[in-house]
Amino acid sequence: MTKDRNGNFFEDFRVGMKLRHATPRTLTEGDRSLYIGLTGSRAVLATAETNARRLGLHARPLEDLLVFNTAFGKTVPDVSLNAVANLGYADVRFLAPVFPGDTLAVESDVIGLKENTSRKSGIVYVRSTARNQHGADVLTWIRWVMVHKRDAQAPCAEAVVPPLEAVVSPDRLPRHDFGAAVSNVTALTGVMDLWDDYEVGERIDHPGAMAVNDSDHSIATRLYQNTAKAHFDARAASAGGGRRLVYGGHVMSLCKALAYDGLENALTMLAINAGSHVNPTFAGDTLVCATTVIDKFDLGDNAVGGLRLRMIGAKNVDAASIVFPDARAGRPVHAPDVVLDLDYTIAIPKKSATWSNR
Amino acid sequence: MTKDRNGNFFEDFRVGMKLRHATPRTLTEGDRSLYIGLTGSRAVLATAETNARRLGLHARPLEDLLVFNTAFGKTVPDVSLNAVANLGYADVRFLAPVFPGDTLAVESDVIGLKENTSRKSGIVYVRSTARNQHGADVLTWIRWVMVHKRDAQAPCAEAVVPPLEAVVSPDRLPRHDFGAAVSNVTALTGVMDLWDDYEVGERIDHPGAMAVNDSDHSIATRLYQNTAKAHFDARAASAGGGRRLVYGGHVMSLCKALAYDGLENALTMLAINAGSHVNPTFAGDTLVCATTVIDKFDLGDNAVGGLRLRMIGAKNVDAASIVFPDARAGRPVHAPDVVLDLDYTIAIPKKSATWSNR
Amino acid sequence: MTKDRNGNFFEDFRVGMKLRHATPRTLTEGDRSLYIGLTGSRAVLATAETNARRLGLHARPLEDLLVFNTAFGKTVPDVSLNAVANLGYADVRFLAPVFPGDTLAVESDVIGLKENTSRKSGIVYVRSTARNQHGADVLTWIRWVMVHKRDAQAPCAEAVVPPLEAVVSPDRLPRHDFGAAVSNVTALTGVMDLWDDYEVGERIDHPGAMAVNDSDHSIATRLYQNTAKAHFDARAASAGGGRRLVYGGHVMSLCKALAYDGLENALTMLAINAGSHVNPTFAGDTLVCATTVIDKFDLGDNAVGGLRLRMIGAKNVDAASIVFPDARAGRPVHAPDVVLDLDYTIAIPKKSATWSNR
Numbered sequence: 001m002t003k004d005r006n007g008n009f010f011e012d013f014r015v016g017m018k019l020r021h022a023t024p025r026t027l028t029e030g031d032r033s034l035y036i037g038l039t040g041s042r043a044v045l046a047t048a049e050t051n052a053r054r055l056g057l058h059a060r061p062l063e064d065l066l067v068f069n070t071a072f073g074k075t076v077p078d079v080s081l082n083a084v085a086n087l088g089y090a091d092v093r094f095l096a097p098v099f100p101g102d103t104l105a106v107e108s109d110v111i112g113l114k115e116n117t118s119r120k121s122g123i124v125y126v127r128s129t130a131r132n133q134h135g136a137d138v139l140t141w142i143r144w145v146m147v148h149k150r151d152a153q154a155p156c157a158e159a160v161v162p163p164l165e166a167v168v169s170p171d172r173l174p175r176h177d178f179g180a181a182v183s184n185v186t187a188l189t190g191v192m193d194l195w196d197d198y199e200v201g202e203r204i205d206h207p208g209a210m211a212v213n214d215s216d217h218s219i220a221t222r223l224y225q226n227t228a229k230a231h232f233d234a235r236a237a238s239a240g241g242g243r244r245l246v247y248g249g250h251v252m253s254l255c256k257a258l259a260y261d262g263l264e265n266a267l268t269m270l271a272i273n274a275g276s277h278v279n280p281t282f283a284g285d286t287l288v289c290a291t292t293v294i295d296k297f298d299l300g301d302n303a304v305g306g307l308r309l310r311m312i313g314a315k316n317v318d319a320a321s322i323v324f325p326d327a328r329a330g331r332p333v334h335a336p337d338v339v340l341d342l343d344y345t346i347a348i349p350k351k352s353a354t355w356s357n358r
Numbered sequence: 001m002t003k004d005r006n007g008n009f010f011e012d013f014r015v016g017m018k019l020r021h022a023t024p025r026t027l028t029e030g031d032r033s034l035y036i037g038l039t040g041s042r043a044v045l046a047t048a049e050t051n052a053r054r055l056g057l058h059a060r061p062l063e064d065l066l067v068f069n070t071a072f073g074k075t076v077p078d079v080s081l082n083a084v085a086n087l088g089y090a091d092v093r094f095l096a097p098v099f100p101g102d103t104l105a106v107e108s109d110v111i112g113l114k115e116n117t118s119r120k121s122g123i124v125y126v127r128s129t130a131r132n133q134h135g136a137d138v139l140t141w142i143r144w145v146m147v148h149k150r151d152a153q154a155p156c157a158e159a160v161v162p163p164l165e166a167v168v169s170p171d172r173l174p175r176h177d178f179g180a181a182v183s184n185v186t187a188l189t190g191v192m193d194l195w196d197d198y199e200v201g202e203r204i205d206h207p208g209a210m211a212v213n214d215s216d217h218s219i220a221t222r223l224y225q226n227t228a229k230a231h232f233d234a235r236a237a238s239a240g241g242g243r244r245l246v247y248g249g250h251v252m253s254l255c256k257a258l259a260y261d262g263l264e265n266a267l268t269m270l271a272i273n274a275g276s277h278v279n280p281t282f283a284g285d286t287l288v289c290a291t292t293v294i295d296k297f298d299l300g301d302n303a304v305g306g307l308r309l310r311m312i313g314a315k316n317v318d319a320a321s322i323v324f325p326d327a328r329a330g331r332p333v334h335a336p337d338v339v340l341d342l343d344y345t346i347a348i349p350k351k352s353a354t355w356s357n358r
Numbered sequence: 001m002t003k004d005r006n007g008n009f010f011e012d013f014r015v016g017m018k019l020r021h022a023t024p025r026t027l028t029e030g031d032r033s034l035y036i037g038l039t040g041s042r043a044v045l046a047t048a049e050t051n052a053r054r055l056g057l058h059a060r061p062l063e064d065l066l067v068f069n070t071a072f073g074k075t076v077p078d079v080s081l082n083a084v085a086n087l088g089y090a091d092v093r094f095l096a097p098v099f100p101g102d103t104l105a106v107e108s109d110v111i112g113l114k115e116n117t118s119r120k121s122g123i124v125y126v127r128s129t130a131r132n133q134h135g136a137d138v139l140t141w142i143r144w145v146m147v148h149k150r151d152a153q154a155p156c157a158e159a160v161v162p163p164l165e166a167v168v169s170p171d172r173l174p175r176h177d178f179g180a181a182v183s184n185v186t187a188l189t190g191v192m193d194l195w196d197d198y199e200v201g202e203r204i205d206h207p208g209a210m211a212v213n214d215s216d217h218s219i220a221t222r223l224y225q226n227t228a229k230a231h232f233d234a235r236a237a238s239a240g241g242g243r244r245l246v247y248g249g250h251v252m253s254l255c256k257a258l259a260y261d262g263l264e265n266a267l268t269m270l271a272i273n274a275g276s277h278v279n280p281t282f283a284g285d286t287l288v289c290a291t292t293v294i295d296k297f298d299l300g301d302n303a304v305g306g307l308r309l310r311m312i313g314a315k316n317v318d319a320a321s322i323v324f325p326d327a328r329a330g331r332p333v334h335a336p337d338v339v340l341d342l343d344y345t346i347a348i349p350k351k352s353a354t355w356s357n358r
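Chains as they are written, first to last, in full-length UniProt numbering: chain A, 1 to 358; chain B, 1 to 358; chain C, 1 to 358.
If you're looking for bench data, these hints aren't it; they were derived computationally from the structure.
One or more of the hints may lead you astray.
[Unchecked claim] Computed from the model, here is a short list of chain C residues facing chain A with C-beta under 8 Å:
#1 Met-17
#2 Ala-22
#3 Pro-24
#4 Arg-25
#5 Thr-28
#6 Asp-31
#7 Ser-33
#8 Leu-34
#9 Thr-103
#10 Asp-214
#11 Ser-215
#12 Ile-219
#13 Arg-222
#14 Lys-229
#15 Ala-230
#16 Thr-268
[Unchecked claim] Okay, the calculated beta carbon distance ranges per label pair:
#17 C:Leu-87 / B:Lys-120: 49 to 57 Å
#18 C:Gly-56 / A:His-58: 27 to 35 Å
#19 C:Asp-177 / B:Pro-162: 54 to 62 Å
Just so you know, even glycine gets a beta-carbon here, dropped at the ideal spot from N, CA and C.
If we strip away everything but chain A, and leave its shape as in the complex, we get:
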C-alpha cells in the first residue's frame, strides 16, 4: 500500500511501452501572459489578436515553445524523473497551432533502449505526442535521455537504437494553411525581410541579452508542471557543491525571444531538427544568441517558405563572439560558455505572397 512515487528507472522501460502522461492540461491567455512575462516573447502571430486576423488566422495561437515546454513537462514524471542528463531532441514537428482554451494530452512510446557499459544507467529513446481535445496531433518529438538504473545488476533487454534523421526533410514538414494575407506581416513588424531576403550561410547576431533569475526559471518550470528536482531542490544542489540547474526548455524560450530581432516576420516553428543543451545555465548568467541560416526550403507554397536555422545560445559573452562549429561530422565541439545548439525550421512569408496579393 505504498504511495511512494519514485519514477521509472532504466530497467523499468521496455521497447514498445506506451506511457500516458498525467494529466491533460488546458492552456489559456493566462499562460500566454506569464510566458511573455517570463521570456519577453514578441512573436508577431501571438502578440495581438488583430495581428492573427490580419494574417488570415481566426485567432492568435499560443507561442510554439510554450506548447513544447508544457507538453515536455508532462513527460518528466514517467520518463526523466531519474535522468542523469537530457541528451538530445530529433524530429520535433509542430503539427498544428494551439489556441487558448485548448487542452493537451501527452503520450509517449518507448522506441529505443541502450544500457551504458558501466551498467549504472542507460539511454531511453521516446517518441512523444501531444493531442488536443479534438484528438488532433499538435506536436510530436523524439528525445533521448540518460536514466539511472535502480540496480546496476538488473538485467536489461537487448539494445535497440532507433534511426534518427539529422533533419526533418521538407516533405515531412507540417503544412499550416497560411494564405496570401500573411504578406501583411511587414506592416505589423515594420521589417521588410522575408523568405527571399535570407541567404544560406548568413549570420545574425541578435542584439539583446537576458539575465536569468532564480525566480524566473522556477516560475517557468512550474508553469510547465515539470517536476524535475534538479531545477527546484536548492538543498540537494548545494549539498553537491552546485546550484539549481535552469531548465533547458526555458533557455530555449529565452534565446528564441532574443532571436526575434532579425527574424521578426517568422510565423511559426515547423520543426526542431536537432537540439542539445551543451552546458548548464544558472541564475545570474546573462544569455545572448546568434543564428546562421543553414538551408532554405521552398515548401511548394506561394505564401510561405521554410528557413532552416541554427541558433547558438551562450552565457556571459558577446553574441558576436559565438563560434559555429561544424555540426555535420558528429558531435560539435563547443566553447564552455555555449549553453544551447538548436537546429530548427521556421515558416516565413515569401515576397511572392506580396506579389500575388496585389
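Given chain A's structure and the hints, the job is docking chains B and C onto it.
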C-alpha cells in the same frame, strides 16, 4: 481630515463587530496560471477543462488554496495589519467550488478577544466568510491572531474565548455534488489509489522539494492583495536583523502542491481542521513535506469519501526525517526545521464509485 | 542584407518623422493577474467585475499604468534603444479605458530635437499615441530622452524644442462618462473620503513599503515587451561596475499601488502632468511614497472631480521623511534616496454624486 491608514489595534476590536473587507475580487484564468507558475500545482480537477468534464463538472474550479489565500488576503488590512503573529486556523470549510470569473466578497465577525497579561497585545478571534457574486458562501474560516495594542494602558472588554473544535466533524463537512463520473479520475492521473486504498496511520513521504525565492513569494502574496508588511518591507526586516517572512499561506500552497505525489486522485479540500505556522520560512529555504492519514470518513456518498490528513512541512531536510509529534495533547512540540503543521480533510473517489459505474 | 537591429541614433531622427511601433499588443485578464502579482494593485475599478458594474461601467478596465507601460514598451526599439537617459514626461492623458481583449497599436511623432553641446548625444522629443482596435485613441503622451549619436561628427538639423505645459489644464483633461453610480464606491472600499474631503496642501504618507526583486522587475519589463538592455543585461551592468536598472515605469506602478491607502476611492488617472525618475532603483531597494494634494479641479461634472497630486517615491527610508521640494521654479532638488517625482491628476467621486443619487 487625516488619511492615515494604520489598521486596527487590539483595543479597537469589540466582540460582535462586523468587518466588511475591501474590495471584492474577481478571480480569472490569469490568476490560475500564475498560481500554477508560483506553486507547481497539478490538482487534477483544476489542471484541464477536459478533466473537470470527465469528472462530471461543468467547468474546472480554481485551486482551493488560491481561493483561500485570496479571501484571507482581504482580511489583512482590517484584522492583522498590526499583528504580532498569526496563531492558528480552525473550522475552515470549502463550501462550494469557485470558478474563473467568480467574484469573492469577504466579511469577518469578531467572535473573541483576550488581552495578554503583558497588556501590550491581545488575541483577536474572527470568523471570516467569502461569498460569490450570487451571494452563496464559498469559504468560511476561524482564525486567531495576536495583535498589538496602540496603547498598553487602554482598557479592554472582558475576555471572550470562542469554542474551537479540533476537527470539522463529518456531519459538518461540505457536500459537493460529485457523481459517479469521478471514478474516471484514475484514467486521468494514471494512479489507482482511491479512498479505499488509504489506511489510517499510513505515512506518505512526498518526493518533491521546492526552493523558495524572494520574488516568488512576493508575487504570490501580492496576487492575494495581502498587504502585511512583514512580507514586503526588506528595510524594516533588515533593521531588525532579519529577513522578509514568507507568507504562511504560500508555504501551505507549496506543500499542498508537493503533496500531489501520493494523493493524485484528491478532488477537493473539504476542510482545514487546524493549522499552524510552526517556524518562519525565508527565501533560500527548500521545502519538503510528509503526510499521515489521521482518519477516514464515509460521507454517506457512493462516489467520494473523506480522508483526514496531517501534512507537516519542513525546510532544508529530507521528507523522511520529518517527525509527527502527538497533536492530541495540546500544542505539539516540533523540530526547529518544521514550518507547517496542517490538519485537513479531502474528498477522494471511492472504489464503490467505480463499481456502481460499471 | 544585414539583419542588424541597432535602433535609431540621434542623427537618424528628423522632426516630423512618424514611427509606427511593432507590433500591436492585445492585453487580457492574464496580463491583469500578472500586473496584480507584480505590483499588488488594489485599484477599485479593476479589482472586481462586480465593482465596475456597481460603479456604472459595463466591464472592469485594465489598470492605468499597465496600459501606460505596455504602450511605452512599444516605443523603446525605435525611440530609446540607444538612450542615455529618459528625461521626462509631459501631457500624458488617459483618454479612454482599456478592457481585456483590447489591442493597442502605438505610433510616435518626432516633435523636437536638440543636439547636446558635447555633440555626442542629443535630446529627442516624441509625442506617442496608443489606439485600440476600433481606432480610438486611448492614451497619448510626450516624453523626451537623451539619445547617443552614432557619430559625434554627424551633422544635425537645427534645434527644435516643443512647448511643454507644466500641467494638463482642466479643460484638456479627458472626460470619462462616469455617472451617479460612482457614489457606490464607498461601500466597496469602506472608506468615506471623496473629492470634497481632500484639501490642497494636504499630505498623505502611504503606510506600505515594497522591496524590489530582480525577478519581479524583469518579469514586469518583459511583460511590457520593453527591450531596453539596461534592465536585462547583467553582464554589461556588472562590467560597468553597476547593477541592472529597474525600469522606471515599474517604479511608478509600485508607488501607485502603495498610494492606494489614502486614495482608495480614486477611479482613474486622467493625466500625468510631469514625471521624472530622479535616481535609479535597484533590486534590494525597498520603496515607500508620500503624496501631496497640489490642486483640485471641478470638472463641471456632478459625479467626479479632479485631484492634482504629487507623489514622491523614495528608497530605504520612511515615507514620513520624504521632503517635497518646490517644483514651480525649475527642476527641484531631491535627496539621493528619492527615485520618483510624479505630478498626476485623478478622477474621484464627489459627495454631490452621493446627494444626487439619493
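Evaluated hints:
1. Met-17: 13 Å, violated
2. Ala-22: Where the cut-off is 8 Å and the nearest Cβ of chain A is about 5 Å from Ala-22 of chain C, the hint holds.
3. Pro-24: 4 Å, holds
4. Arg-25: 5 Å, holds
5. Thr-28: Since the shortest Cβ distance to chain A is 4 Å, the answer is holds.
6. Asp-31: 5 Å, holds
7. Ser-33: With a minimum Cβ separation of about 6 Å from chain A (threshold 8 Å), the hint on Ser-33 of chain C holds.
8. Leu-34: 5 Å, holds
9. Thr-103: 5 Å, holds
10. Asp-214: 5 Å, holds
11. Ser-215: 3 Å, holds
12. Ile-219: 4 Å, holds
13. Arg-222: 4 Å, holds
14. Lys-229: 6 Å, holds
15. Ala-230: 11 Å, violated
16. Thr-268: With a closest approach of 22 Å, the Thr-268 of chain C hint is violated.
17. C:Leu-87 / B:Lys-120: 49 to 57 Å: 50 Å, holds
18. C:Gly-56 / A:His-58: 27 to 35 Å: Holds, since Gly-56 of chain C and His-58 of chain A (Cβ atoms, about 34 Å apart) stay within the stated range.
19. C:Asp-177 / B:Pro-162: 54 to 62 Å: 48 Å, violated
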